[in-house]
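Undergrad: What follows is each chain in one-letter form.
Protein chains: 2
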Amino acid sequence: MGIGVKAPHLSFVAHALAVAGAVMVLVWTIHFRGGLAWDSSNKNLIFNLHPVLMLIGFIIIGGEAIMSYKSLPLKKEEKKLVHLVLHAIALILGIIGICAAFKNHNESAIPNLYSLHSWIGIGVIVLYGIQWIYGFLVFFYPGGSPGLRSESLPWHVLFGLFVFILAVGNASLGFLEKLTFLENSGLGKYGAEAILVNFTAIVTILYGAFVIFTVFAQAPQEDDHSYSSL
Amino acid sequence: MGIGVKAPHLSFVAHALAVAGAVMVLVWTIHFRGGLAWDSSNKNLIFNLHPVLMLIGFIIIGGEAIMSYKSLPLKKEEKKLVHLVLHAIALILGIIGICAAFKNHNESAIPNLYSLHSWIGIGVIVLYGIQWIYGFLVFFYPGGSPGLRSESLPWHVLFGLFVFILAVGNASLGFLEKLTFLENSGLGKYGAEAILVNFTAIVTILYGAFVIFTVFAQAPQEDDHSYSSL
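Residue numbers (full-length UniProt numbering), protein chains in the order written: chain C, 1 to 230; chain B, 1 to 230.
Treat the hints loosely; a few may be bogus.
What the hints assert, rightly or not - Covered stretches of chain B (in silico footprint by chain C; criterion: 3 or more residues with CB under 8 Å from a CB of chain C, positions within the stretch not fixed):
(1) 7-14
(2) 19-28
(3) 46-56
(4) 98-104
(5) 169-182
Stated by the list, open to error - Cross-link-like lysine-lysine pairs, in silico, DSS-like; alpha carbons within 30 Å at most:
(6) C:43 - B:103
(7) B:189 - C:43
(8) B:103 - C:178
(9) B:43 - C:178
(10) B:75 - C:189
Said to hold, decoys possible - Not close to chain C: a few residues of chain B, all C-beta gaps over 12 Å, as computed:
(11) 75
(12) 80
(13) 142
Hints were generated in silico from the structure; no laboratory data involved.
Just so you know, even glycine gets a beta-carbon here, dropped at the ideal spot from N, CA and C.
Using the sequences and the hints, build the whole thing.
TA: Here it is in structure tokens:
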């Protein structure tokens with residue numbers, strides 16, 4: 001038990017940051033960038049699905065999945081179910097969000113997979129999938145032996161946090177990359193849109209930080225020390 | 001004590017990644033980008049000091065400072081001295097590295113402090129400085145009361161790791177930002193230099209990951225549980 005702050009209190013700050021980040025990415029893509037569409041002659045609208053799905057779908061829901069196991073006042077089996085279902089939703093929305101980026105690239109003749117953002121993005125989604133499948137098999141169904149479970153748990157937490165931090169960092173790379181493209185095409189470096197995008201990235205990073213602080217904080221039920229082995 | 005791997009073993013992997021990253025950033029700046037200079041009519045050479053000082057000076061030495069406290073087989077007071085001296089060197093080289101970026105911008109008429117990379121960079125160096133001063137006052141000289149020390153320690157570790165992760169993430173932002181500028185000016189997206197810069201960023205991220213794994217690994221002396229309170 002690292003820090004004496006209660007996990008649910010920290011998770012409330014994270015929820016507030018999640019709402020702020022979600023609103024900001026929607027204002028950016030809809031108000032400043034023209035809206036969202038899966039099919040359109042305006043290929044930018046296809047791209048816009050990418051930050052929305054990655055931030056709201058993958059990172060925010062993924063973060064809520066992480067916090068749910070620590071901060072919800074439920075029984076262990078119920079929390080486990082919430083945890084794995086939320087992570088599954090995050091993973092699926094993340095995959096759709098990545099498909100939106102490829103669809104935009106392919107329909108706009110933009111090269112694929114040359115940037116650090118794309119490389120790390122593919123790495124993150126693959127590691128996230130592996131982590132989910134391993135967690136499902138060992139901790140849910142069919143379930144490993146008690147020895148395997150207790151040996152796997154700290155690795156599950158550490159690897160999960162590593163992938164989540166990578167995802168948050170990669171979101172920042174994405175915001176910076178897209179904004180750099182726009183600024184190279186004439187967007188004002190100190191204009192409202194640039195400031196909004198930078199602050200969306202900062203809110204995303206703060207959300208990620210509070211998700212992780214929640215993991216190291218005090219669980220609501222004192223008999224639950226599932227995460228305190230780290 | 002989270003994971004059963006020994007801290008010195010993990011730190012060897014980190015050292016190897018540090019050497020690889022240092023070589024890569026030097027090859028990039030010297031072989032591909034023309035070299036390093038504090039004063040030059042070729043302003044790019046001034047910029048080149050920035051990635052070199054931030055990666056080798058700030059992140060690598062800062063990471064070694066973090067690991068030293070966990071992985072060196074020394075007495076607590078000796079490790080503390082190594083830890084704070086290495087962090088001081090990292091902080092000073094980081095500040096010089098940031099000055100190099102401003103010097104290049106000012107002499108090349110490039111606007112300052114508009115990008116996410118620059119915003120986070122200023123935040124990181126300020127937080128790093130605050131963390132160093134607080135750590136010095138509470139844990140070294142004049143030193144806080146035993147109660148204050150033991151209450152501060154998990155926060156010192158957590159906040160320190162947070163700032164270090166931010167620094168590593170921000171290095172990735174810097175590599176991506178610079179490479180995006182170069183690619184917009186015609187550099188090949190799949191060329192040798194682009195691949196080198198992306199892999200330098202990935203080696204930096206892996207180094208950061210192994211530094212953090214070291215913190216959660218097993219200390220060489222079993223009586224030292226300074227970090228196991230997390």
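Undergrad: Which numbered hints are broken by the structure, listed smallest first?
TA: 1, 2, 3, 4, 6 and 10
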